[in-house]
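In order, the protein sequences belong to chains F, V, X and P.
Letter 91 of the first sequence, counting from 1, is numbered 91 in our numbering, and no numbers are missing.
With positions in the second sequence counted from 1, the corresponding number in our numbering is that position plus 1000.
With positions in the third sequence counted from 1, the corresponding number in our numbering is that position plus 2000.
With positions in the fourth sequence counted from 1, the corresponding number in our numbering is that position plus 3000.
Think of the hints as simulated: they come from the structure by calculation, not from any bench.
From a predicted model like this one, the values you see are computed outputs, not experimental measurements.
Worth double-checking, as some hints may not be accurate.
Below, simulated DSS-like cross-link-like pairs (lysine-lysine); rule was C-alpha separation at most 30 Å, straight line [to be verified]:
1. 2(F) / 2147(X)
2. 1057(V) / 3009(P)
3. 1095(V) / 2645(X)
4. 85(F) / 2685(X)
5. 2(F) / 2030(X)
6. 2030(X) / 3009(P)
7. 2147(X) / 49(F)
8. 1205(V) / 1145(V)
With the Cβ distance kept under 10 Å, some of the chain V side facing chain X (calculated, not the full set) [said to hold, decoys possible]:
9. 1043
10. 1098
11. 1185
12. 1190
13. 1227
14. 1247
15. 1269
16. 1276
Glycine included, C-beta positions come from ideal geometry on N, C-alpha and C.
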Amino acid sequence: MKLKNSFSVDLPIETAWKILLDIPAVVPCMPGAELLAVEDERSYRGQMKVKLGPVAVAFQGRARLTEVDEARHLVRVAASGTEGKGRGSAQAEVVFRLLPEGQTTRVEIDTDLSLAGAVAQYGRAQGVIADVSQVMVDAFAQNLRRRIAESPSPSGSGSAQEAVPAANAPALSLFSLLAALIRHWFSGSKDVP
Amino acid sequence: MKPAPFDYHAPQTLEEATALLATLENAKVLAGGQSLVPMMNFRYVIVDHLVDLAKVKSLAGISVADGRMRIGAMTRQREIEFSPEVARHCPLLLKAIKNVGHRQTRNRGTIGGSLAHADPAAEMPTVCAAHDAVIEITGHAGTRKVPFNEFGIGFMTTAVEPNEIVTAIELPLWPQGHGYGFQEFARRHGDFAVAGAAVLVDCDKGGIVRRASVTLCGVGNTPLRLPAAEAALTGQRLDDAAIGAAVNAVKSIEPTSDIHATPEYRSHLAQVLLARALRDAAGRCGKLD
Amino acid sequence: MGAKQFGARVSRLEDSALLTGGGRFVDDTKLPGMLHACFVRSPHAHARLRSIDASAARDLPGVHAVFTADDLPASVGGNRMPMLVPNPAIEASLTQHCLAREEVCYVGQTVAVIVADSRYIAEDAVALVDVDYDVLPMASNCRDAVKPDAARAHSALANNIASTFRMGYGDVDAAFASAAHVFKEDIWQHRGGGMAMETRAVIASLDPSTDLLTVWSATQTPHIGRRMLADLLDRSLESIRVIAPDVGGGFGPKAIFYAEEAVIPAVAMLLRRPIKWIEDRREHFLCATQERDQYWTVEIAVDGEGKIKGVRGKLLHDTGAFVPWGIIMPYIAAATMPGPYVIPAYGLDVTVALTNKVATTPVRGAGRPQAVFAMERLMDRVARELKLDPAEVRFRNFIQPEQMPYSVGLTFRDGKPLVYDSGDYPQAQAEALRMINYEGFAVRKAQARAQGRFLGVGIGNYVEGTGLGPYEGVTVRVLPSGKVAVATGATNQGQGTRTTLSQIVADNLGCRIEDIVMTVGDTAAIPQGVGAFASRQAVNAGSSALMAGGAVRVQIVKLAAHVLGVSEDEIEVEDSIAIARGGNRPSLTFRELARLSQGMPGFSFAPGQSPGLEHTAYFTPPQASYCSGTHVVETDVDPMTGAVKILNYIVAHDSGNIINPLIVDGQIQGGVAHGIGNALLEWMKYDENAQPLTTTFADYLIPMATDVPTCKIAHIESPSPLNPLGVKGAGEGGTIPAAAAIIAAIEDALSEFGVHFAETPLVPERIVGALRTAGAYEKLGGLR
Amino acid sequence: MAKHQVSLKVNGRSVEREVDSRLTLVDFLRGELELTGTHVGCEHGVCGACTVLIDGRTARSCLTFAIQVDASDITTVEGLASADGGLNTLQQAFQDNHGLQCGFCTPGMLMSLTELLKDNPDPSEEQVRDVLTGNLCRCTGYAGIVAAALDAARRMRTGA
């Protein structure tokens, strides 16, 4: 499953690049994501909780930065995780690409997501995964912007916890995220609000 | 396909039920179980506690007062199907409920369960959207009433918090003799609709639409009201031109896709079904059943 | 003779128990000390197994054991499973391990087994087994899989080609070169399943006092299962008893011997406890074998009158990850293509592709529905292009009854020349057309069109090789009680095997049908057996029942004549009594005769007499017998939604002589239902990673009561000269031409828009899509 | 694991048992009471093989937990036969009209039609098929079942 998402941050590209590569600080911005361990500077163990309607799943696994190309402002991540209750697994190959837009930066995310096992067979949810991914990316971007606003120094990762506390991340009820999705529906437009 | 372990609670009163939900971790309400239990058997849903509302007798029943029909959340779909009140006052609900699953599941399934499960193709939420229903939700802290357009907030996701219960549905009734139409397309009898349309119209004696309600199901993550279609009908005679204008409003929607249908097909079906529902409504408008 | 049972609408002997909850399906058996198993299955379509950590699962209270391949005895844990029907054309003869070693090649492949106090606990434990997979690239779509740079379905193989072969005869290229017209069709048919209402099921129990391993299995082939178990468990045949009790539908997938059928007995032996495994529906969607996945590119060459000069093309068959049943399906498909038509030259190049999906093996029809669909689509194309009536094109090309026996020019899958033994194809089609009032259809269509409805009619013809050998045995034994014990290797998944064989034995032995005590599906009852597939039981077991019943009757006549002191031709046998025709009609009951036949200690038998009244017969057919028929379908298509309603379904069916019309009609009607599913509803979908997507009955749609009309059925009876009953198989004919006829009818209903269809299932969305492309909605003045 | 006491009536017989919360009614009937006539076909409420009557109304026993039917009255296929143990009218009509082949879906079919014929002694073919959509059959193509239902209704009406 190929997913395309993007967002913008009000930072020049070099600053944005540094912030985004501060993985321990960035991860908690993702709703449902939690960093469990830093294995080395390129490898991380973490957990990702996702809720699709009544179905709540939690994937634990590894993410590895397989390519960090500062010149092209491109990061390639290989992530894979297993669902904690034996309901399958997820594998993702994610490419983050930063593009300068004047004093702001556009972040493009290309994801190749593969689900396996029971989670892949949840037929009625197949269609909403792409929508949910964009809602999550939007929330991520919002949290990231808040983090940037509160802590202009990329090294000050402490305040990231305040942006969206990791423990509460899954509780960041997808209600509000999905409400955004619905508004997007009602707008009848494909553009991200 | 056996469910994961959980404990079972059967409160006798609403107070007991909400108290349980306020204290238990990872608990879920069990109503008719026709949607929840399959998901538990597949272990898509894993809970630590089930709070069964079957013994909370105050939650079942249908009554009509002050231009509203109140349906208790634990009212079985079968009771709605055979309710004279529903037939008299809310024919759209009667028409729609015959499409809900099968007789064997309607015997157990409840309207509250259908709403809380909030499947995007389900008939009961669609009727609620069409009727501007108000959903009564009760938690330990008290009862709140949520207009339906704030109730369904996403794919199988509602405004009901984990420690709350849907307790009743209030349907503001339309005048006697209103027109209605419900059309859905399912691959087989009783399957979830690929798409569907629910229509209410109130016409004056000259056949001019005073008020219209147009809702689609199956095309979005929740039932979709179509204000543009309603506007296109209001003040018009329900003729081909007006129906065509209303159907045009569907084209601006970008439907969901899943393994059963592409957005293009869903849009196509929604247009066809809306046209048919509107023609049904036109034929019924002003006639007292 | 008593009332003749053969040919009568005898109501079924099976029914009373099944109607009162007294059926005995595998899951109905509960043994003392029995434990319950659940399998750990691969979530990936293709992955290397790095490690399996089952410690947490083993620690769960209620769990007795967890086994991986290495924990099983080497014979069953180390070897690949035997292939059932080897063929020299198979290049990659891969079957799976009972529990995966090193590599998993489809979603659902067995990796480990958990044994616990209950299935509930066993499922809890599955989530605790930590399997470390290294996900490998996978082959999902067979058209991509055969490309040179495709990801390989098995890492040990150089490519995904399991087999290539050519089937044909005559100078095809010359036929095409000289033809007036050549038409080409691209045809695809998707996967579906057997979807018996009862899932697979196995119980195994080892009796330590006798060392007898008893296995109850919901299988079509208990004797084959026993042979497989003897190989895999390294035991003698005599130490294994396989019982197929009441089986809740078969339809092909239960003819396969599966990994679970070996693992459960192995585990029962290791733990010395009876073990039960009941497949759940999700497992059935993942792991029970499937069928139909084929892509055809075929051409037909005809003269100016629509007479066929030749047929040629390519067939790509998706066999899935393994070839447990060899390549018989594409083989059967290729051999079925010529059907009832005179085709002077024929050539089909077949490629069998490996993909990372569960294996395809025969499902009701077994390759034939695809071939018939391909051939009949070509016939309809010829009719359309030459502006001929589709029925007329077929009449012009039928093999005529006087050409029987007709040698097609191919070798069938039984290794014998493909020779149609009997049949009257023009008569079947004429009868079906008469029954649907084909002549009046144009008027009906026009009248409906005036009301805004779209009616269409479609025809499907087929010839089906049935009654395949090698044999099926029947033992008939008169018991000292006077009852008649009948045992057969034939099995019963709803076909009424007990009833039909009882009818034959009653007639040929001369007993009351209610005196028969039948054992089916039990390897202890008869030493040799094959099982239910290829519509073979009426021909094979039926003929053996005739032979065995007749042989015991001869024994009875001899004994009765001797005891009563009359000549043998004086003796009549009926209603379980032997009666002398003359004098005061002295008689002996079967009970008396059976006791006499045991002999008395110390006394000699009469010359020529053998002990007991008993005979076992194994009929071995010389080749397949070919049943045939015509389906004609009338549909009402809603072009706005793509909904298809079948208004009228006619079957003219020729399966030779009919043992029991009630049962044959039921087989046809049920087969048609399966064909309607294939034509309109059933689609086993996979994503690009070969993950199955339709794993519930809400996503994989099998026909409901509102989808299947009651068929009108006519029987044409062209007796087969190849067996003493003159019968042919009837179990699959209902399915085989259904999709061909239905899709043709849909196309005909929408003929004014010029849309064409060459796929199954033909889902409403595809109908609407084709109409939109054809500009139909503009012609119809918008959506309504 | 939480256990609860249930007491109920099954085919007229009083039953008391201690059950796990998560034990489904069908597993309770089959495993605990050894009433194996009720079958498990899909465990997600579509196939209908597990259909039983709860207080006279059909229900999926795979979608009902045993604990939920405390104080209820359950009828299974074993409770249908006539007083003398022979086939009842509906069951006899199934045999006469070849309404079953493998017999696996049959108990569920009988329960659904028992409810229908009680509510509606003279159903149309359309009404019969409508009810039968709640029960899947893979063998028969439904023709014999539909015929049996209509035949049984006629026999019950006429007392034949």
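Do the hints match the structure? See the list:
1. For the suggested pair residue 2(F) and residue 2147(X), the alpha carbons sit about 23 Å apart, so the restraint of at most 30 Å is met.
2. At roughly 22 Å between alpha-carbon atoms, residue 1057(V) and residue 3009(P) fall within 30 Å of each other, so this suggested pair holds.
3. Pair hint residue 1095(V) plus residue 2645(X) holds up; C-alpha atoms about 22 Å apart against a cutoff of 30 Å.
4. Our distance criterion of 30 Å between C-alpha atoms is met by residue 85(F) and residue 2685(X), whose separation comes to about 25 Å.
5. For the hint pairing residue 2(F) with residue 2030(X), the CA-to-CA distance comes to about 49 Å; that exceeds 30 Å, so the pair is violated.
6. Taking the CA atoms of residue 2030(X) and residue 3009(P), the gap is near 23 Å; set against the 30 Å cutoff, the hint holds.
7. For a cut-off of 30 Å, the pair hint linking residue 2147(X) to residue 49(F) is broken: about 39 Å separates their Cα positions.
8. With a C-alpha separation of about 35 Å, the suggested pair residue 1205(V) and residue 1145(V) falls outside the 30 Å cut-off, and the hint is violated.
9. Satisfaction of the interface hint for residue 1043(V) is found here, the shortest Cβ-Cβ separation to chain X being roughly 8 Å, below the 10 Å cut-off.
10. Because the smallest distance between the Cβ of residue 1098(V) and any Cβ of chain X comes to about 13 Å, over 10 Å, the interface hint for this residue is violated.
11. Contact between residue 1185(V) and chain X, as hinted, is supported at the beta carbon level, the nearest pair being about 5 Å apart and thus within 10 Å.
12. The interface hint given for residue 1190(V) holds, since its Cβ lies 8 Å from the closest Cβ of chain X, which is under the 10 Å cut-off.
13. A distance limit of 10 Å between C-beta atoms decides the matter here; for residue 1227(V) the minimum to chain X is near 21 Å, and the interface restraint is violated.
14. Interface restraint check for residue 1247(V): the shortest CB-CB distance to chain X comes to about 7 Å, inside 10 Å, so the restraint holds.
15. Satisfaction of the interface hint for residue 1269(V) is found here, the shortest Cβ-Cβ separation to chain X being roughly 6 Å, below the 10 Å cut-off.
16. Because the smallest distance between the Cβ of residue 1276(V) and any Cβ of chain X comes to about 7 Å, under 10 Å, the interface hint for this residue holds.
Taken one by one, the earlier hints fail for this structure at numbers 5, 7, 8, 10 and 13, listed in ascending order.
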